[in-house]
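As you go down the protein sequences, you meet chains A and B in turn.
In terms of full-length UniProt numbering, the first sequence opens at residue 1 and continues consecutively.
In terms of full-length UniProt numbering, the second sequence opens at residue 1 and continues consecutively.
Quick caveat, the hints were computed from the structure, so don't treat them as lab data.
Beta carbons are placed, not taken as given, at the ideal position from N, Cα and C, and that holds for glycine.
Among the hints, a few may not be true.
[Unchecked claim] Partial selection, computed: residues in chain A whose CB lies under 7 Å from chain B: (1) Cys60; (2) His192; (3) Lys199.
Now for the letters of each chain:
Protein chains: 2
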Amino acid sequence: MAVPEAVATALRLVDEDGLDSLTMRRLAAALDVQVGTLYRHFATKQTLLAAMAEEMLAGCAGPLPDGLTWREQITELAGRLRTALLRHRDGARVYAGTHSVGPNTLSYTDTLVGVLRETCLSPEAATRTALTIVHFVIGHTLEEQAAQALAESDLPATLTLLHAALDPDVYPHLAAAEATLTSTDFVGHFTHGLNLIVKGLAGD
Amino acid sequence: MAVPEAVATALRLVDEDGLDSLTMRRLAAALDVQVGTLYRHFATKQTLLAAMAEEMLAGCAGPLPDGLTWREQITELAGRLRTALLRHRDGARVYAGTHSVGPNTLSYTDTLVGVLRETCLSPEAATRTALTIVHFVIGHTLEEQAAQALAESDLPATLTLLHAALDPDVYPHLAAAEATLTSTDFVGHFTHGLNLIVKGLAGD
DNA sequence: ACCTGAACACCGTTCAAGT
DNA sequence: ACCTGAACACCGTTCAAGT
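Work out the full structure, taking the sequences as your base and the hints as a guide.
Structure, rendered in structure tokens:
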């Protein structure tokens, strides 16, 4: 049993049935191996999940196209992280639940901090800004995939429930916000949020 | 068995032993009740978690002090959400894993959208900005509590591991970022990120 | 050195039967 | 109407024993 194969199979299982269905026993069965064998390669299930998170970020730190402004470089990098998390079902949940220190994760953060430092930010401000961006991407993608999961089950029921709860006399602003809140234009939401953050950088 | 009591007890159990230790069976035992009884009040464990998330947000939509600028109002509201999530161990994980449509959650979002609309944003832009802020707060607090959890177990081991992985020749920017990345000044990080977002609003 | 088989101590959820 | 008791179909993790 090879570790990279196990990680790839685990990601495939998650894609097929969701993170909640990924168990050490199912993974062992998919690899034609006894459960105990997995523990010779991964100390715990957490370790496996961290390896999956690391694998998901492969390529995210690849070279940036020439000729981008620093704003575009930041947008490109943030977009790559979102795309990487979206590539696998429950990807954001896998990523948010772990803390990898593997090369993909490290070089992604290194690249992001590097771009931010080029905008004349101090190392501290660049690092904090990188954290801000990563946290926003994680929070956004977590919600985006939660909405996706909902769409595959009881979407209409939930929308009806929400609509019924939105009494305009009690929640005047939510009533006006409902269309946007329930919209599936996640690219629009993501771009809006990222632009806010990047615009905020201009003042430094 | 009363539902509010069950929710309060569940939150207490999470505070004591963490979210991973919260099981329907343990909660039933703490309430001096059989497990099956819980399912008469909560359809699934997810329903229980949603009720806990809703309870955590109690008070977050309370009246804002007079005389705050709109920037300060936004900062105050975002800070309230962070504080509410921090109040319980693994609070951010509980909140991120659910989607409550209860009055605490709805009135919080309503208040936030309302403040943003006062700054002359369109309903759509105000809603998207509210989402951006909430997603940032969730992402930030998720990481903050993950760091807290780590601090209670193998912090030094992880820091050593990270430090060893940070070859300055491979990750030049991370080496400069290490002090900030491993800092525990979460208020500083949070304020920095929030200011970026709020500053970004100025241009509209 | 690596894997198997089998166990330990749990899970979430359901449901007939009791009161 | 509400709760109990007991079961069903699972979990993550460990470890002696095999090859």
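Hint check:
Against a cut-off of 7 Å between C-beta atoms, the interface hint on A:Cys60 is violated, since the closest Cβ of chain B lies about 14 Å away. A distance limit of 7 Å between C-beta atoms decides the matter here; for A:His192 the minimum to chain B is near 4 Å, and the interface restraint holds. The interface hint given for A:Lys199 holds, since its Cβ lies 4 Å from the closest Cβ of chain B, which is under the 7 Å cut-off.
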